[in-house]
Amino acid sequence: MYCSTCGDERDFEQPPCRDGHGADCPERACTACGTAVLVGFPPPVEAGGTVRGPAVRDPAAGRPAPSARAAASDPSVPDRTSSQRAVA
Numbered sequence: 001m002y003c004s005t006c007g008d009e010r011d012f013e014q015p016p017c018r019d020g021h022g023a024d025c026p027e028r029a030c031t032a033c034g035t036a037v038l039v040g041f042p043p044p045v046e047a048g049g050t051v052r053g054p055a056v057r058d059p060a061a062g063r064p065a066p067s068a069r070a071a072a073s074d075p076s077v078p079d080r081t082s083s084q085r086a087v088a
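Per the numbering used here, the very first residue in the sequence shown carries number 1; after that it's consecutive.
Among the hints, erroneous ones may be present.
Derived CB-CB ranges, DEER-like [said to hold, decoys possible]: (1) A47 / R10: 33 to 41 Å; (2) Y2 / A47: 30 to 38 Å; (3) A47 / D11: 36 to 44 Å; (4) D8 / V45: 30 to 38 Å; (5) S4 / A47: 32 to 40 Å; (6) V45 / E9: 27 to 35 Å; (7) T5 / A47: 34 to 42 Å; (8) P15 / F41: 18 to 26 Å; (9) E46 / G7: 31 to 39 Å; (10) T5 / G40: 19 to 27 Å.
Derived from the structure by calculation, the hints contain no laboratory data. All residues carry an ideal CB built from backbone N, CA and C; glycine is no exception.
Kindly produce the complete structure, drawing on both the sequences and the hints.
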C-alpha cells in the first residue's frame with residue numbers, strides 16, 4: 001500500500017484496535033513510519049443517531065446583520081432614513 005509520509009509503497013499492519021472493532025478494524029499503520037490510514041468503508045452509523053447539517057438562520061427572526069448592529073451602536077455612524085437606505 002502507498003504511504004504518503006514515506007512517499008513509496010510500504011507494508012502496513014493492523015494495530016490492536018482500541019475502538020472494539022476487532023478483526024473488522026479499518027485502521028492500518030505503516031510498518032516503516034507508523035502513519036495511520038483507514039481502509040474499506042466506514043463503519044455503519046447506528047439508528048437513532050443525530051445527523052447534523054449546516055446551521056440555518058431564520059430570516060423571520062428579525063435579527064439585523066452583524067454590520068448593521070455594529071453601525072447602530074456606533075455614534076459616529078449617522079442614522080439613515082428608509083429612503084436613504086434604498087439609494088445607498
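A quick look at each hint next to the structure:
1. A47 / R10: 33 to 41 Å: 38 Å, holds
2. Y2 / A47: 30 to 38 Å: 36 Å, holds
3. A47 / D11: 36 to 44 Å: Since A47 and D11 have Cβ atoms about 38 Å apart, the given range 36 to 44 Å holds.
4. D8 / V45: 30 to 38 Å: 35 Å, holds
5. S4 / A47: 32 to 40 Å: 35 Å, holds
6. V45 / E9: 27 to 35 Å: For V45 and E9 the Cβ distance comes to about 33 Å; the hint holds.
7. T5 / A47: 34 to 42 Å: 37 Å, holds
8. P15 / F41: 18 to 26 Å: 19 Å, holds
9. E46 / G7: 31 to 39 Å: The hint (31 to 39 Å, Cβ to Cβ) holds, given that E46 and G7 are roughly 38 Å apart.
10. T5 / G40: 19 to 27 Å: Holds: the Cβ-Cβ distance is about 20 Å, inside 19 to 27 Å.
Consistency with the previously given hints is maintained throughout, with no hint failing.
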